[in-house]
Every structure is written in C-alpha cells, then in structure tokens.
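> One-letter residues, chain by chain:
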Amino acid sequence: MDGRGGSGFRGIATRPVRSLLYFAVILGIFLFSCTQASAFPAFARKYGLPCSSCHEGWPKLSPFGQQFKDNGYQLGNDRDAPIFQQAAYWPVAFRTTPNWHLETANHVPLDNGTVADVKTSGFDYTGLDILTGGTLAKNFSFLFVPSSDELGAFHIESANVRFSNILNSTWFNLKVGKFELDNLLSEKRILTLSGNGGFYQNYHFQPMYQPGVPETYVFGIGDNQLGVEWMGHSKDDRTRLSVSVLQPTDGNPDFVTGAGAGGVTGPGGAAGRTYDVFAAGSHAFEVKGLGLQRVGAFAYFGHAPTFSRFTSGGVDIPGSGIGNEPYYRVGLIGMWYLKKFDFTTMYFYGHDSAFLASSTRSDSPTGLPTGARAPTWNGGLIETHYTYSPQLIFVNRYELIRMSQQAFVGDPLTDQAANPSNAGNIDALTFGIRYYPFINTRAGFAFHNEYSIVWQRNSQISPVTGGTIGLTSSSLLFGFDFAF
Amino acid sequence: MRKINITKIALNLLLIAALPTLAMAQQMESHIGNVTGHSEPGKALYYRYCWGCHGARGDGNGENAPYLNILPRNFVAGTFKCRSTPTGMLPLDQDLYNSLERGFNFTNMPSWIALTVEERANLVAFIKTFSPRWKAEKPGDPIQIPAEPALTVASIQHGKELFQKLECWKCHGNEGRGDGPSASTLTDSNDQPIRPYNFTSDNRSKCGHTNQDLYKIFMTGLDGTPMPSFADVIKPEDAWDLVHFLRTLQYNNKSPELTLWLGTKEGAAIVNAQKVANTNTGSGVNP
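Read top to bottom, the protein sequences are chains H and R. Per our numbering: the first sequence = residues 1 to 484. Per our numbering: the second sequence = residues 1 to 287.
Only chain H is shown next, with the shape it has when bound in the complex (with noise of 0.2 Å):
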C-alpha cells in the first residue's frame, strides 16, 4: 500500500472505477452492436468485395483471399484483365499505423558499466508500405511493394511477376522476383505490430556462438527472399504445393548478403553464386460444424559464403563469396478451426553450421575453434484467434525456442566455460485486439491495441558481474492502422 491511505483511498477509487465500467458497457454496446464487417483495398476497390471476403482479419488471408492470391489475384470470372478496369483505375494501396507506444527493457548495458532497466513510451507511427499489385493481363500478375522505415529510407519490399494457370493448370505457376516465401503462416499478414510482437521469433532466430556473441550471417525465413518459386493448388486450394529456388542474399539485390560471415566482411558481404532451396506443402480439409483445417510442412535449405575469392579495395566482390556452409530450417504447421476459434500451431527445428555459428572461413588451416559445434534448436508456436465478427478480432500468441545443442562447449586452454545450455532460448507472449470499426470496399482500418513480451535467457554478458544474464523487453502499443 502506498502512501495514500487504505479505506479512504478504496473509497475514491470507487467513482472512477465506476465511470470506467459505464465506458467499457457503452463501448461493448458500440463495438458489438455494428453487423457488417471490410488489407490491400486496391483489390478490393477493383472486385467491390469487401475486405472481410478475404481476410478473416486484415490482413490474415481468409480461405477465398488465399485462393485469391494463389490464383494470381485473380477472381477466375474472366474480369480479371485490367481492360475491363476504368481506365482510371490503378492499383495502388498505402499503410500505414499512427500509434502510441511503450517500450521496456531490463538488463540494458550502460556505459558507466552498470545495467539498468529502461522504459520508453510517446506517440510514433510506423514506416510506409506502398502496395501496388494486381494483374497486368490475364494470368500475367504482378507484386511490387516499396516500402519505408519512419524516417523515410525506402527498400524494396516486394517485386515479382507471376505467370498463372500455365497450360491451363493450376499446379503449374511461377514467380519470378523477390517475394514471400511459401509461409502458411504468413510473416507479412501478421496481426500483431508492435516491436517486440511484430514479428516471428521462429522465422528470424539465429543461435549466439557464446553470449553476446551473435552468427555475422543473417537469415529470416520470415524475410522475402529472391528467386523463382514454382507454386501448385487443386482448384479449391485444398492442396498447395510449391518449391523455391533463391538467391542466397537473404532478399538483397546485387548479390550481397545482409551480413558476411567468416571472412566476408559484412553488412554487404559478397554472396555465392549458388541457390537455397525452400519447399512447403499442405492440405486442408473440412471437419464438420467446426470448418477447414489445414496441416502442412516446410522446408530450407540454405548455405552462406564464409569468405570472399575477390576483394577490391579491402571490399568483397558481391557474388564471389565462396567456402559455403549449410544451415536448415525445417517445421510443422497446423491451422485448426472450431467455429470463432482458430489455432495455429507450429513445429520448428533449425541447424547451423559450426563454421557460420563461429564465423570462421571454412578452409581455415587451423579448422574450426576449439568447442566450436553446429547448433541446433527446437521452436514451437501457438498463436490463437478468436473472431467475435468480422469486425472485432482477438489475438494471442506464444512462441518458445529451445537450444538442443549449443554452437560453443567450451576451451579449456582458454579457460572459456561451456555456454550455459539454456543461453539464448526465447519465450514470448503477445496478446492483442484489433477492431475494425468499418467495412467498406474502398479502405481499411483498424484500431490495434497489443502487448507483447519476450524473455530471452543468458543472451549476453552483465558487465557487472560478468557472469551471463538474460534480456527481458516488453512492448506495449495502441494504434490506428490503416490501408487506402
């Protein structure tokens, strides 16, 4: 109890307490009273369908927006051409989230050499996505998505053509550009957007070599990747299938990684002139009174460079990274539905070279560093939806990662100790309401609110002790996301 009395204060608590629960009923009344529900309104602009035919939420996909996109985004009535469009028509949508938000994180190392536990809160809005897509022709599409940090720097999220429906077939399409991987679970129509919830900590997870001491290359099967992905459905979309042949840049052009690794120095080391490959498959069926349920599987397989053959000006010549190493990542998913409720559940299993785990060139004459072996991990997801109406969507994820072997055992001619067998494993919880106050054929918009906390354990060095200490940060964010 603090200062400010017991009863006395329960009795002036009692009003606003009050006032609070009157607003709560009049905002029920308001949120549950509306009966129709509406995240790239250029689609729905073009069809006049609203946003809620394919999206159970924007921008989760609903089963009609999947088989929407996997068609080509193309409805398959024979007015999909853009000359049955106004000539005026064009087919660019913006997004973008106004928003206030809180940020936590504990175990923050300062410069005084302490640890301190830092809050940060205000109002922020997030980058840009410029969505531009749709068809060219008939079964010609195309996707192309320029996209900005808040402070205006721009990247090219998305650019591929789409061929559909070759020879008349809907298991024969091809993509050719960068693009999203195949993921069922969708990274890019994530509901929840706050720093610590707005992502999958299973797509984007790398193993430390030793605390503090993160993998120089970078790879997130949540990140579009470029390549050419050959995509296959059974007309309903019941069964889909597809395999990816990619450049392996992590999504960068110009034939640099994201980050080097061993040798190649990095951001900007040179990649290799070799391809990753990624599968998925997966078949829906339909369980009586409770709707379709959709199982599937996923596999990468990828390999990065560990030095460069050419450098100019102390540079990596991009594209001549050689010395690969492989790492894979491969998972289970499950889409479950029972009626309002949906489940997702995912199985996740990542390997890491020694070699990138402890950046180190693999024609290295003294091989690998002592206690240096491949990591490996296991991950797991269950996020759950509930959708009271089209109009008002609850979420709930949680994500663990547990590191089955870790990438360092040790050197005892160092005196280094074995990483601690639970360093760098992740839990994280995020909860969130997204309320779409209309539904319209022409815009989308959503009041978001969401919290999201991630613990991860024995991640970094306390400069303190200088014993290993773990990084819990929490995000909490209310705002007004929007598409037009």
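A few of these clues could be false.
[As the list claims (entries may be wrong)] Only pairs whose alpha carbons sit at most 25 Å apart, straight line, appear in this in silico BS3-like list of lysine-lysine:
id: 1; chain 1: R; residue 1: LYS170; chain 2: R; residue 2: LYS81
id: 2; chain 1: R; residue 1: LYS81; chain 2: R; residue 2: LYS43
id: 3; chain 1: R; residue 1: LYS254; chain 2: H; residue 2: LYS235
id: 4; chain 1: R; residue 1: LYS43; chain 2: H; residue 2: LYS340
id: 5; chain 1: R; residue 1: LYS43; chain 2: H; residue 2: LYS288
id: 6; chain 1: R; residue 1: LYS43; chain 2: H; residue 2: LYS339
id: 7; chain 1: R; residue 1: LYS43; chain 2: R; residue 2: LYS138
id: 8; chain 1: H; residue 1: LYS340; chain 2: H; residue 2: LYS288
id: 9; chain 1: R; residue 1: LYS43; chain 2: R; residue 2: LYS135
[Claimed, not checked] Partial pick of chain H residues on the chain R-facing surface, computed with a CB cut under 7 Å:
id: 10; residue: PRO63
id: 11; residue: LEU75
id: 12; residue: ALA137
id: 13; residue: ASP149
id: 14; residue: PRO390
If you're looking for bench data, these hints aren't it; they were derived computationally from the structure. No residue lacks a Cβ here, since even glycine has one placed at the ideal position from N, Cα and C.
Chain H is already provided as a structure; the job is to place chain R on it using the hints.
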C-alpha cells in the same frame, strides 16, 4: 415478503424454453447431398462475403451495386437464372449451391469454392430467407435430361437450321456473337440492359459449361432475362442438335463438335470466315 408464484415462474420458463423453437420456425434449411445447411450460420457468412453487392436486405442494392454493370441478384424477388426446374419455378437448393460454386462469368460474382461444403450450404439456406416465395412455394421438379445422342454432321446441320428457325440469331447474331438485331433492345426483369451470350468468346456460360448445362438452359430458360424456355417448343432430340451446333460457334474452344464440323467443307468455310485476326489484349477473350 412477496409470495413466490411457482406457476408463473414455470410458465415463464416454458416460454423462454420455447423461444428458440419459435425462432427456428423462421429459419431455413438447405439440403446438398447429405449436408444440411442452416440459415443462422449462413447469415454470418453472408454479412462477411455477400452484403457488399447483394445488400443487407438481399435486394441487390449493396453499396457496391451502383458500380456494377451487371447488377447483383435480388434475392427478395426469388427469381433465378440458373435452374434445373421449369421456367417460373423456384430452383433446387443444389442449383443455388452450384451457382455459388461456379460463380458467374463476366460478372463480379466469383466462385466460392474456397468455402467449405457446409458453409456454402449454410449460405444457400440463408439466401432463401430473403424471399417470401420460399415460404409459400416449393421448388419445381427438375427437368429430365435424356442421354445425349451420337454426334453427327447431320445433327450439327439440323441444329444450324433450328438456330435460324427458332430465331436465336435475332438476339445472339448469325455468328453467335451476341450482336443480333434485337440485342441492343433487350432488358432484364429489372429493366436493365442485358447482352445476349456471345458464343464465340471462348468462355464458360453463366449456368455451366457442359453440354448438359447448355441443354438445360434451352429447356428451363433463364428466368428474369429475355431468354425463354423452349421446353414446349422443341423436342429433346432437337435441343441436342442445337447444343451440337452451338459448340461449333465456339471456334476457339476445341470440342468434338468443332472438330467434326471443321472436317466438312461447309463447316470449315463457316468457321474460318468467322475468325477475326486481332491483337491479343490479354483479356482472355478472343473475339
């Protein structure tokens, strides 16, 4: 202290218990194979997917309707184009279900095959709640479709004669391009201009793409449009001949009828004369 009236409480509880039953009386069902659709869950689906065009009241006046050049169906009128029942009758549940599954070509109505069978059945049940016709009338018996006779050149030639005799050309045009002399004057039951089907467009017709579907269209008509039923005018074997001839008009669509017709001097001359050299616009339509 007030005396508790047990009888009154019991009656109230009985009434409350009966409410769902009374409400159910207003509900509709659909029967698709062994799946029974219910209107209540269908309502939620309707207000997710359909209301934008068909309107909250099912009258075809959704907020999107003014921007569509083929108006959405008015479910309140209870008039449906694609049926397997005689003209003027309500369609079968299966007919509505098939329309949902197929979608309507050249309109904004897509195929809803991505929905589950149960969801589509529920939508059919809910659509039936809009029109009083479903409460007062029963769907007609489906028309019988006799087995398709063997395809012959004579059958195609007879179909060609029937095309002239029945004056199909007046609306659909001599070459089946939907440009007959009456085409520009046609309106549907909402007084909206309507264009006759262009057989040469190499696409699926609204009510299906099989020969059986074409046969059904002659015999049931497309209610709400100028396309009448010919059930009382032509014999089943004549209708099949007409089907065989109409397939030859679809010269971009390889079919046994077209292959056979192209094998004749007369057929090859007609089909080749119909072809128009053009630049591909990417629309998917090759006029």
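> Each hint: holds or not?
So, going through the hints one by one against the coordinates:
no. : hint                 : in the structure
1   : R:LYS170 to R:LYS81  : holds, 20 Å
2   : R:LYS81 to R:LYS43   : holds, 23 Å
3   : R:LYS254 to H:LYS235 : holds, 21 Å
4   : R:LYS43 to H:LYS340  : holds, 14 Å
5   : R:LYS43 to H:LYS288  : holds, 18 Å
6   : R:LYS43 to H:LYS339  : holds, 14 Å
7   : R:LYS43 to R:LYS138  : holds, 22 Å
8   : H:LYS340 to H:LYS288 : holds, 14 Å
9   : R:LYS43 to R:LYS135  : holds, 18 Å
10  : PRO63                : holds, 4 Å
11  : LEU75                : holds, 4 Å
12  : ALA137               : holds, 2 Å
13  : ASP149               : violated, 34 Å
14  : PRO390               : holds, 5 Å
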